[in-house]
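**Student:** Given only the sequences and the hints, what does the whole structure look like? Please build it.
Chains A, B, C, D, E and F are the protein sequences, given in the same order.
With the numbering used here applied, the first sequence covers 29 to 183.
With the numbering used here applied, the second sequence covers 29 to 183.
With the numbering used here applied, the third sequence covers 29 to 183.
With the numbering used here applied, the fourth sequence covers 29 to 183.
With the numbering used here applied, the fifth sequence covers 29 to 183.
With the numbering used here applied, the sixth sequence covers 29 to 183.
Hints are computed from structural coordinates only; laboratory data are not their basis.
Computed from a prediction, not measured in an experiment: that's the story for all the values here.
A portion of the hints provided could be inaccurate.
Identical copies carry no separate label here, and so any pair may be met within one copy or between two of them.
Said to hold, decoys possible - Below 30 Å or equal to it, Euclidean Cα-Cα: the simulated DSSO-like pairs (lysine-lysine) are:
no.	residue 1	residue 2
1	Lys149	Lys122
2	Lys131	Lys146
3	Lys122	Lys174
4	Lys122	Lys146
5	Lys174	Lys146
6	Lys174	Lys144
7	Lys131	Lys168
8	Lys144	Lys120
9	Lys131	Lys149
10	Lys144	Lys131
11	Lys174	Lys120
12	Lys174	Lys149
13	Lys120	Lys131
There are 6 protein chains.
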Amino acid sequence: MEALSSHVSRTIVTRLVLPPDTNHMGTIFGGTVLSYIDEIAAISAMKHSRKVVVTASIDTVNFLSSAVVGDILTLEACVVSTGRTSMEVFVKVKSEDLESGTKTLTTTSILTMVAKDKDGKPTQVPGVIPQTLEEERLLKTAQQRKQHRLEMRNQ
Amino acid sequence: MEALSSHVSRTIVTRLVLPPDTNHMGTIFGGTVLSYIDEIAAISAMKHSRKVVVTASIDTVNFLSSAVVGDILTLEACVVSTGRTSMEVFVKVKSEDLESGTKTLTTTSILTMVAKDKDGKPTQVPGVIPQTLEEERLLKTAQQRKQHRLEMRNQ
Amino acid sequence: MEALSSHVSRTIVTRLVLPPDTNHMGTIFGGTVLSYIDEIAAISAMKHSRKVVVTASIDTVNFLSSAVVGDILTLEACVVSTGRTSMEVFVKVKSEDLESGTKTLTTTSILTMVAKDKDGKPTQVPGVIPQTLEEERLLKTAQQRKQHRLEMRNQ
Amino acid sequence: MEALSSHVSRTIVTRLVLPPDTNHMGTIFGGTVLSYIDEIAAISAMKHSRKVVVTASIDTVNFLSSAVVGDILTLEACVVSTGRTSMEVFVKVKSEDLESGTKTLTTTSILTMVAKDKDGKPTQVPGVIPQTLEEERLLKTAQQRKQHRLEMRNQ
Amino acid sequence: MEALSSHVSRTIVTRLVLPPDTNHMGTIFGGTVLSYIDEIAAISAMKHSRKVVVTASIDTVNFLSSAVVGDILTLEACVVSTGRTSMEVFVKVKSEDLESGTKTLTTTSILTMVAKDKDGKPTQVPGVIPQTLEEERLLKTAQQRKQHRLEMRNQ
Amino acid sequence: MEALSSHVSRTIVTRLVLPPDTNHMGTIFGGTVLSYIDEIAAISAMKHSRKVVVTASIDTVNFLSSAVVGDILTLEACVVSTGRTSMEVFVKVKSEDLESGTKTLTTTSILTMVAKDKDGKPTQVPGVIPQTLEEERLLKTAQQRKQHRLEMRNQ
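**Tutor:** In C-alpha cells, the structure reads:
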C-alpha cells in the first residue's frame, strides 16, 4: 500500500451559525462544533482510506473563542498520521465575523478514526506524506499522543 | 457561596440510537455521542451554578465500544470539581443491548463549563462536595488535568 | 414469565428547552413535549419487555403549565400495568426554572405500548410489580382506563 | 365577535413517512404523529383566532393502525368548538399505501388550544359554525369532553 | 394506461415558519422553501404514478416575497404534464400573515419528477387531464419548457 | 466601492449523504441538495458583501445524476456577477463514490442573492472580478439570464 499525500484527505466545510445551534446568549453549543468536527474528520479519513470509518478517540479540545449567531464557521481537516488501521485527523475551526470579516481560531482538534471493511472489521490504511511544516510536526508527535490516550484509557 | 453536594448536579439522560444517528453500518456517529455529552454536561453545570454556561474544553475521549441502531444509551453526569467561574463535569455513557440488556461502557469524558452572567461575563460558582469515591478521586486529580489542558493549548 | 419490578423500566430523561422547540413567545410546542413523552415511554417499555415496541394509545394529556426557552425538562417513566402483549407506561414531566431551580409539574401522561417480535407480531410481556403507592393505585385503575379507551375508539 | 364557519380553520397537511421518523421495523413513531397533530392543530387554531396559540390538552388518542416508511400521511383539521379563549380542534390522520393507494384511518384526535395576546395572556376567540354532521356532533359533545378533562386533571 | 385527472395528484401542505427556518432577520431561507417544494412535488407525483419518484429538474424559481417567522405557508401542487416516465409538477406557495390573514404569493415553481420501479429504472406513468385553465395552459407550454431545460443542460 | 476578486466569495462545503437525506431507494432528495445549494450560496454572497442576504431567485436546475447514501458531496460556490444590490452565485455540486473515488457532476446552479442592511432594505454590493474562463463566460451571459428570469416572472 503506497503512502498518500495529505492533500488527498484535505477537506473543507463552511457552515453558518444558525439560531438552533446556539444557547440563550446566541453562543454556539460546544456539542454542535464537536459534531461538525467529527463529520469533517470522518469525510477526511474516508477520502484517505476509501473505507467506512468510525471515531476511536478525540484529543483534548480547547474552545479558544466562541462563535455567535451569524458567524461563518470554516473547518479544515486532513490526515496527519496513520497506524495499521487507524488515521489521526487534524481539524482546525475558524469563525468569521460577518461584518468585519475577522477570522478567529475557535479550536483545533485531533481525532483518531478507524477504517472498517464490509464486515465491520478494522482494515488496513495507506500511510500519509505531510505537506506542511505543521503536518510534519504532527506526524512526529503522533507516538506521544498515542501514549497519552492509552494512559487516559487506563485511568 | 456554600459548596454544593454533587447530587445537586447529578443528571441522567436516556436516548434511543435511531437510524439518522448512524452510518452505513448502523454504528452511531462519534459526533452524535459528543453532542449528547455536551448537552448533559451543560444541564449538569446549569443545575450546579443556576447560570447559563458555555463549554470551555473537553478532555481526551476514548470511544471504548460503539453503540448500534436500537441500543439504549444512558448518560450520567455530575460536577466533580470547580474553579472560580468554571466547573468540571464528569460524564459516563453506557450503551445497552435491547435483547440481552447487557450494558457496555461506551465512553467517559470530562468537560469544563464556564458560568456566564446576563452580560456574558464569567461569574462565580459554588464549590462541590463529592459523594462517591470516584468523584473524590476526580476532585483530587483536577489540578493535574488543568495542567494538561494548558499544555495542549500552548502547543 | 416472571413479573418484573417497576424499577426495571424506570427511565429518566433530562432535556434543555431550546429555541427551535418553541413558538414566537418562547413557549415549548405541545408536540415537542408529546414526542419526548413518546420516546421515553418507548424506552421504558423496551427495558421491561426487551422487545421493539409501538405506541397503541395515549391517554388524555393536560398541559398544566408550559415550559419556556432555557428551562430544564425532566421526564420520568415506568411501566405501571401490563396486558398479555401491552404495557401501560406512566410519564411525569417537570420543568425547572434555571435561575430559581423551582420545579413545576408540566404534565402527566399514560401511554399504552405493544411489544412486537421480529415479524412485527404482538408478543408476550412480563407482568409488573409496583414499587410506590402511586404505581399501586395506577395498577388498580388500569382496567378502568382500558374501558375508557375502548369507548373513545368506538365513538 | 362574530362566529366563523369551520371552513376558516380547515387545514390540510400531507407528509411522507421517511426513515428518520420510524423505528427498526420501519413503523412510524407515535411521537412523530403526535407532533404533526399538534402542529396542524396550532395552524388551524391560529387561522380561526388570528392569534398565537398554545396547546392546553390533548384527548385520548388511539393509534388504530400504523404507517410505514414510504406511506403518505394526510392530516385534516378544523376547529369544532370554542370556549371564551380556547378552541377544540379535531384532527384526522390517514395513511396511504403508495402502491395500492389504499387509505387507512390512522388516528383521530381532539386538542384544546388557547389563544394568547402579545403579553402571553389568554385572549377571546370567535365562536364556530359547524359545516358537517360530524362537526355538529362534536360541537354537541364538547361539554362532555371538558368534563372528562377536568376529571383526569383532578386525578 | 389511462390518463388521470389532475385532481388525483392535487396535494396541499400547510407549514408554520419557525425560528430555525429563518436567518437573523426572521426571514425564511430560500433553501427551506425549496425543500418544502421538492417534498410536495414528490408526494404529488407519487400519487399520480403510484411509484417512487426522483427529482430530475426544477425550473426557474423567483422568490416574489419572503415569509417571516410566524407566517403560515400554504403549498399546493398537482401534475400538469407528463412524458413517458416523467411528470411535471406545478407548485404554488403562499404565505399568510397571522394577524391580518393576508395571503401573498411567495413563489410558483415547476419540477420534473421521474417514476422509478423497484430496480431504480424509469417506469411508465399515466397521462394527465387538466382541470383548470391554468393547468391547461401549463400542459400546452410543456414542450417549450422541455426545450429550455435541454438548452440549459447543454450550456 | 471597489470590485472584489471572485476568490473573496469562493466557498467549499463537503457533506456526507446520510440515511435521513434519502428516499426508499437510498437516493438523495432533490430538496436536500437544493437546501445545501441555498446555504452555500448565502455564505458565498455574505463573504462578498459582508451583509445579511436573502435568496431572490434560483435558475433552472438539472439533476444530472443522483447521489446515494455513503457518497461524499462537494459543493463549490463563488459570486460571478453583481447588480447594484444583488449577486449571482454559481454553485457546482459533485458526488464522489466512496470506494472508487470517482467524482460525478450532480448539478450546477445559479442563484441570485440580495444584500440587506440592518433595516432589511436592499443595500449596495461591490462588483466582482472573475478569475477563471468559466467565471468570465458567466459574467458575460448575466444579462441574458436576467432577461429570462423577468420573462418567467411575468408568466
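**Student:** Each hint: holds or not?
**Tutor:** Hint by hint, here is what the structure shows:
In this homomeric assembly, Lys149 and Lys122 come within 30 Å of each other (Cα to Cα) only across copies, at 22 Å, whereas the closest approach inside a single copy is 35 Å. Within a single copy, Lys131 and Lys146 get their C-alpha atoms only as close as 41 Å, which misses the 30 Å cut-off; across copies the closest is 22 Å, which meets it. For a Cα distance limit of 30 Å, the shortest separation of Lys122 from Lys174 qualifies both inside one copy, at 26 Å, and across copies, at 24 Å. Proximity of Lys122 to Lys146 under the C-alpha cut-off of 30 Å is restricted to the inter-copy arrangement: shortest distance 25 Å between copies versus 35 Å within a copy.
In this assembly of identical chains, the alpha carbons of Lys174 and Lys146 lie at most 30 Å apart only when taken from the same copy (27 Å versus 41 Å across copies). When the C-alpha separation of Lys174 and Lys144 is checked against a cutoff of 30 Å, the pair qualifies only within one copy, where the shortest distance is 20 Å, while the shortest distance between copies is 35 Å. When the C-alpha separation of Lys131 and Lys168 is checked against a cutoff of 30 Å, the pair qualifies only within one copy, where the shortest distance is 28 Å, while the shortest distance between copies is 33 Å. Both within a single protomer and between protomers do Lys144 and Lys120 lie at most 30 Å apart by alpha-carbon distance, with minima of 25 Å and 26 Å respectively.
Within a single copy, Lys131 and Lys149 get their C-alpha atoms only as close as 41 Å, which misses the 30 Å cut-off; across copies the closest is 22 Å, which meets it. Taking the closest pair of Cα atoms, Lys144 and Lys131 come within 30 Å of each other only across two copies (22 Å); inside a single copy the shortest separation is 36 Å, beyond that limit. For the identical chains of this complex, Lys174 and Lys120 are neighbours both inside a copy (20 Å) and across copies (22 Å), given an alpha-carbon limit of 30 Å. For the identical chains of this complex, Lys174 and Lys149 are intra-copy neighbours only, at 21 Å inside a copy versus 37 Å across copies, given an alpha-carbon limit of 30 Å.
For the homomeric pair Lys120 and Lys131, the shortest alpha-carbon distances inside one copy (12 Å) and between copies (25 Å) are both at most 30 Å.
Of the numbered hints stated above, none is contradicted by the structure.
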